[in-house]
Amino acid sequence: MTTSAEQQHQGMGKYLIVYLCILALAGLQFVIAYQDVSAAQMFRRMLSVSLVEAAVAVMFFMHLWSEKRGFLLFVVVFTIFVLLSMQFGWTDSFRLVHCGGYCS
Amino acid sequence: MSQADITMQGHTAGMVTDRPFAIPTKKLAMWLFIIADTMTFAASLVAYGFLRNATPDWPRPFHSIVNVAVMTFILLTSSLTMLLGVQTAKRGDKAGAFRWTMITALCGIVFAVLHIREWMGLIGEGMTLFKNPWGTGLFGAAFFSVTGLHITHVLCGVIALIIVGLRYKGGRYHADDIEVVGLYWHFVDLVWMFVVPFVYLLNLAH
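Chains A and B, in that order, give the protein sequences.
Quick note: to get the working numbering, add 2 to the position in the first sequence (first position is 1).
Quick note: to get the working numbering, add 962 to the position in the second sequence (first position is 1).
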């Protein structure tokens, strides 16, 4: 049977590991920044790392993982839906650069 | 508890309902604020991305990553100190929780000082909201808007940490309040995880 102090100690050990993981992911972004790849490729890689970083932070630092499953679903589904809805503008930015295919 | 159960307990009991998702009200309010604020930052970053993608002569003015790397390290570390503060508060150690909360606030202040120093450097090189020596004038507006919105959140967080920390130490607030302000601080940290790659690292001068 573990005591409360032991549980706290184990909890801090977990948080330290999560912190080191997030630091490593942040470091990975700096490495990606110096890779010789196209801007689009670099953007995709950085976005992927950022999303993983954010998910780890929300789940463990903000304790969303230990909340009720209903609340977790509410936050995740609602946030992802709205974030995806914001992506409609991208197509227009490509149109501005490439003139919608009508450039002479 | 079903509606039938509530009705069976009498008229007054029918007026009482469970807390949504069984979490404290302040915590739920903070989560709702965080979700709303996520949309604010997402809109800013999407607008920034739109401008960057649609502008051919987008400048890449950042030559060094040292400053932004140090700022990132400080902000991520402040999240750990905040966690320590929350854990210590839940254990009932008021002095310890106050100390960790103030260390977190100090990290926020150092971050803000480094950020403002960086701004001053860019302004010194001729960058304003509407023009800069490297390319499209839109860069200054986009950069200052996104980073300005973030640093405003950091400064508000520092003020909140100091006030909540002091009131917790004075016995007016509880461990739950430290946890709620901690949620906000982690969110500020989380936003920085997106600002760094998109605003700084994608604009490094190679």
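Keep in mind that the hints were calculated from the coordinates and are not lab data.
For each residue, glycine too, the CB sits at the ideal point set by N, CA and C.
There may be inaccurate statements among the hints.
What the hints assert, rightly or not - Computed from the model, here is a short list of chain B residues facing chain A with C-beta under 7 Å: (1) 1002; (2) 1007; (3) 1010; (4) 1032; (5) 1036; (6) 1041; (7) 1077; (8) 1078; (9) 1145; (10) 1156; (11) 1166; (12) 1167.
To be verified - Derived lysine-lysine pairs resembling BS3-like cross-links, with alpha carbons at most 30 Å apart: (13) 70/A with 1056/B; (14) 1131/B with 16/A; (15) 16/A with 1056/B; (16) 70/A with 1093/B; (17) 1093/B with 16/A; (18) 1131/B with 988/B.
These are the hints, each one checked on the structure:
| no. | hint | result |
| --- | --- | --- |
| 1 | 1002 | violated, 11 Å |
| 2 | 1007 | violated, 9 Å |
| 3 | 1010 | violated, 11 Å |
| 4 | 1032 | violated, 12 Å |
| 5 | 1036 | violated, 12 Å |
| 6 | 1041 | holds, 6 Å |
| 7 | 1077 | violated, 16 Å |
| 8 | 1078 | violated, 22 Å |
| 9 | 1145 | holds, 6 Å |
| 10 | 1156 | holds, 5 Å |
| 11 | 1166 | holds, 5 Å |
| 12 | 1167 | violated, 11 Å |
| 13 | 70/A with 1056/B | holds, 28 Å |
| 14 | 1131/B with 16/A | holds, 27 Å |
| 15 | 16/A with 1056/B | holds, 23 Å |
| 16 | 70/A with 1093/B | violated, 49 Å |
| 17 | 1093/B with 16/A | violated, 47 Å |
| 18 | 1131/B with 988/B | holds, 19 Å |
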